[in-house]
Amino acid sequence: MDLLKKSTPVQENALNIQWYRLSRPNPFSVGIIIMLLEIVLAWGWATLIFHFKLPVELSALFLYSITPFMCIFIVLIPYGLGRGYISGLLLIYCFHLFNILLTSAVFLLILIKSVELNEWMKQLYFFPLQLLVIYLCRHTINSNSFYKIISFFRTTRLLVEAKKAREKLQSTK
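Each residue of the sequence shown is one higher than the one before, starting from 1 at the first, in this note's numbering.
Note that these hints are calculated values from the structure, not bench results.
All residues carry an ideal CB built from backbone N, CA and C; glycine is no exception.
One thing to keep in mind: the hints can contain errors.
As the list claims (entries may be wrong) - Here are the computed distance ranges between Cβ atoms for each label pair:
#1 Glu38 to Leu58: 18 to 24 Å
#2 Phe50 to Tyr135: 19 to 25 Å
#3 Cys94 to Phe50: 23 to 29 Å
#4 Leu158 to Ser65: 38 to 44 Å
#5 Leu111 to Ile66: 22 to 28 Å
#6 Glu38 to Arg157: 22 to 28 Å
#7 Glu167 to Leu108: 54 to 60 Å
#8 Ala46 to Thr172: 57 to 63 Å
#9 Leu169 to Cys94: 35 to 41 Å
#10 Val10 to Ala46: 54 to 60 Å
As the list claims (entries may be wrong) - List time: in silico SDA-like cross-link candidates among lysine to any residue, alpha-carbon distance up to 25 Å:
#11 Lys163 to Lys173
#12 Lys148 to Leu91
#13 Lys148 to Tyr93
#14 Lys148 to Glu161
#15 Lys148 to Arg138
#16 Lys148 to Glu38
#17 Lys148 to Leu132
#18 Lys53 to Thr103
#19 Lys173 to Val160
#20 Lys53 to Ala105
#21 Lys148 to Val133
#22 Lys53 to Thr67
#23 Lys53 to Ile112
#24 Lys173 to Trp45
#25 Lys53 to Leu91
#26 Lys148 to Leu159
#27 Lys148 to Ala105
#28 Lys53 to Ile39
#29 Lys168 to Lys148
#30 Lys53 to Glu38
#31 Lys164 to Trp45
#32 Lys148 to Leu129
#33 Lys163 to Ile149
#34 Lys53 to Ser65
#35 Lys168 to Thr155
All chains should be built: construct the whole structure from the sequences, respecting the hints.
Written out as structure tokens, the structure reads:
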């Protein structure tokens, strides 16, 4: 960081051009993770509502009350990643953990409830698909393209901060 503050604008421009040319991040991995996390969340909430056999009005109210909070949470993920802050990555991990806990709670509720084997199998029909989506989320989070885009935005933020610090140093001289 100190080296960047002391660099000349020509050196920084060459570094920026080389960085942008070599990194070429793929934003699809972030979009894929957000879509997969939303799918698992919808399945989990729907399964909970069906498990407790809530009336339609109450279940609609429940879903509409949770939707704004989840939308704000989901919007903060690309904002945090795009600004180059680690908060976007932490939000993804928290959201992923919340989905795992929600899926586990639904699974335990289905197991605890004493039902016939046929009814139990019908309730667990989408459970393997939920586990597959959670695994795909985890696989995408651990992929190289995901960390490439995170490091791209983080490095870009550091370059901008170094440029501002250098300009501030030059203006004080």
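Status of the hints after comparison with the structure:
1. Glu38 to Leu58: 18 to 24 Å: Between Glu38 and Leu58, where Cβ atoms are some 22 Å apart, the hint holds.
2. Phe50 to Tyr135: 19 to 25 Å: Holds, at about 23 Å.
3. Cys94 to Phe50: 23 to 29 Å: 26 Å, holds
4. Leu158 to Ser65: 38 to 44 Å: 40 Å, holds
5. Leu111 to Ile66: 22 to 28 Å: 24 Å, holds
6. Glu38 to Arg157: 22 to 28 Å: 27 Å, holds
7. Glu167 to Leu108: 54 to 60 Å: Since Glu167 and Leu108 have Cβ atoms about 57 Å apart, the given range 54 to 60 Å holds.
8. Ala46 to Thr172: 57 to 63 Å: Given a distance of about 59 Å, which is inside 57 to 63 Å, the answer is holds.
9. Leu169 to Cys94: 35 to 41 Å: 38 Å, holds
10. Val10 to Ala46: 54 to 60 Å: 58 Å, holds
11. Lys163 to Lys173: Holds. Lys163 to Lys173 sits at ~16 Å (cutoff 25 Å).
12. Lys148 to Leu91: 18 Å, holds
13. Lys148 to Tyr93: With a Cα-Cα distance of about 17 Å, the restraint between Lys148 and Tyr93 holds, given a limit of 25 Å.
14. Lys148 to Glu161: Answer holds: Lys148 to Glu161 is near 20 Å, not above 25 Å.
15. Lys148 to Arg138: 16 Å, holds
16. Lys148 to Glu38: 23 Å, holds
17. Lys148 to Leu132: Answer holds: Lys148 to Leu132 is near 24 Å, not above 25 Å.
18. Lys53 to Thr103: 18 Å, holds
19. Lys173 to Val160: This hinted pair holds, its Cα atoms lying about 20 Å apart.
20. Lys53 to Ala105: 16 Å, holds
21. Lys148 to Val133: 22 Å, holds
22. Lys53 to Thr67: 20 Å, holds
23. Lys53 to Ile112: Distance of about 16 Å is within 25 Å: holds.
24. Lys173 to Trp45: 60 Å, violated
25. Lys53 to Leu91: Status violated; Cα separation ~31 Å.
26. Lys148 to Leu159: 16 Å, holds
27. Lys148 to Ala105: Distance of about 34 Å is beyond 25 Å: violated.
28. Lys53 to Ile39: Holds: Lys53 and Ile39 sit about 21 Å apart, inside 25 Å.
29. Lys168 to Lys148: 30 Å, violated
30. Lys53 to Glu38: Judged against 25 Å, a Cα distance of about 22 Å means the pair holds.
31. Lys164 to Trp45: 46 Å, violated
32. Lys148 to Leu129: Outside the cut-off at roughly 28 Å; violated.
33. Lys163 to Ile149: 21 Å, holds
34. Lys53 to Ser65: This hinted pair holds, its Cα atoms lying about 18 Å apart.
35. Lys168 to Thr155: 20 Å, holds
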